[in-house]
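Number of protein chains: 2
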Amino acid sequence: MQINLNETAEFLKEHDNYYILTHQSPDGDTMGSGFALCRVLRNMGKNANVLCSDEFPRKYGFMYEDYEPRKFAPETIAAVDVADAKLLGSKLSQYGDYVDLCIDHHVSNTGYAKKLLVYPDASAACEVLYRVFSEMDVKLDKLAAECLYTGIATDTGCFKYGNTTKLAHTIAAKLMDCGVDIERINRDVFDRKSKARLIAEQHILSEMEYYLDDKCTITIVTLADMEKKGFSSEELEGTAGITVQPEGVQIGVLVKEKEKGKFKVSMRSASEVDVSAICSKFGGGGHVKAAGCTLEGDADNIKLQLLSGIAPFLGIDLWLA
Amino acid sequence: MQINLNETAEFLKEHDNYYILTHQSPDGDTMGSGFALCRVLRNMGKNANVLCSDEFPRKYGFMYEDYEPRKFAPETIAAVDVADAKLLGSKLSQYGDYVDLCIDHHVSNTGYAKKLLVYPDASAACEVLYRVFSEMDVKLDKLAAECLYTGIATDTGCFKYGNTTKLAHTIAAKLMDCGVDIERINRDVFDRKSKARLIAEQHILSEMEYYLDDKCTITIVTLADMEKKGFSSEELEGTAGITVQPEGVQIGVLVKEKEKGKFKVSMRSASEVDVSAICSKFGGGGHVKAAGCTLEGDADNIKLQLLSGIAPFLGIDLWLA
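Read top to bottom, the protein sequences are chains W and X.
Quick note: my numbering has the first sequence finishing at residue 1141, numbered continuously throughout.
Quick note: my numbering has the second sequence finishing at residue 1141, numbered continuously throughout.
To be clear, the hints were calculated from the coordinates, so they are not data collected in a lab.
Computed from a predicted structure; not experimentally measured.
Among the hints, erroneous ones may be present.
Note: identical chains are not told apart, hence a pair may lie in one copy or across any two.
To be verified - Pairs of lysine-lysine residues, derived as DSS-like cross-links and limited to a Cα-Cα distance of at most 30 Å, are as follows:
hint, residue 1, residue 2
1, Lys1109, Lys962
2, Lys1049, Lys1082
3, Lys959, Lys891
4, Lys1123, Lys1015
5, Lys1082, Lys1101
Please construct the entire structure, taking both the sequences and the accompanying hints into account.
As structure tokens, this is what we get:
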């Protein structure tokens, strides 16, 4: 059942002993909303813990460095930024059918929770949660404000992407009033990278190849490359955007070998071309600007498959070129 | 003479036939404030042109693609985001002593203009100019709003740096109401790079070396490197931040060979260490987090000079290590 801001505020006040569930492969938004909600509930004298199936990334360490899980019998199950019970992951799947309240911003939310507050136009779950706290007249302390800021900043690429709302900016201004250290947070979240990640980025830049009148780049990373250079496929997560950085490139493709002869394809658009339409021709899918599919073969064969699939979308007849 | 918002608004209304001067090596803020001011003045029925000693970068093309310089005798000389008459560059230096009005945000403004509106706490000249327009009750059209947004976004690293003000966020929200296409602007300004720039970044990542318990990186780019890889020192501008990306690194140094045996050093801090103090030991200077100096010698000798200068600031005794 969908509920509104006021009903969510009332729900939070009336209940106690919360397990707050975050999604697997936790990001800044699910963690930010989880830890902000936990802090606010505890400050109200309630019990609350934050749970996740996976380990929390170190770059968000400030959110949990002073956090201690408490011992209590859970009475209320809440989920934040979790669009589908499947995304709770293996350790939390047991709670999937028993979520009392979900606070989210995904248009794709499956409605698995008994009560659902979802604003599909919000840039982040933290934006929705901020509105709940305003409705409750909560005075945010610095750490809660930093958690909310981080969720909004990470989901919008630091206010860079098209999903950035006016409200995201307005809220950021209000959170700065609570003492958020945006310089430190943004440096840790956006600018700091592991050595292996930097090696992976360097590899992508050095292997990038231009095709189709330089409107398309393809970068193939093989298992042998990763072995030789000393990085894993984990370090390649979130790097597909590099493939559309060159001026004039409309479609960028990052191809990662997952197992011998099996390749995961991540496709990005920096133009009006809908890459989900291209990927669906290969049995994949996704969004207009970011999509993916899986292909089999050797590297050269993969490249040919991709180019023949992409060329018509760029208005290029490959066989006459 | 320093004037306030209201006096600036009155000045702009009372005068006509403006030459609007931007600083040399124009960036998003000087161009954004220049073209926004020009557009607003023209919409008020006045004559105004935007002038610059250097060519405008293509990535800000949307600001000037429909702009046509007019023919008129200049009566009023205004400068935007220009802290010092010297920064007007060779073509505009003739106006240096005759600037009637300067709108700026640099604490270092030399006061060369007859009337000066400067807010040193503002994140950008465009933030100051937005306040002037509000004082004048100007209704901004989409293009003027996009110019102002671009200035604020570029000077704050898209709201990422510590100079981002609450007002920067509040203004961004208001400018979005005027129809600013933040997705397109931010992609062109922040994500799009020339091939040569991407090669330069790849080179920096591949040549970066770790020193002093991995708390310091040094990357040396020689004239021979640039020749071989096909990029120029222009492509290295604004890349020094890469040297402090690795986790744990406190000081990053980018060393560019300017002429045979003469090196320009750019130093960045990602910690409490004040790199301007280090650079001043080498006859240079700058800010706490970003400073520079010039050194002579060969690459190995430069490295030793730098390491012996940096080590004490990291609490490391180089000769015992």
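Violated hints, by number in ascending order, as checked against the structure: Every hint satisfied by this model.
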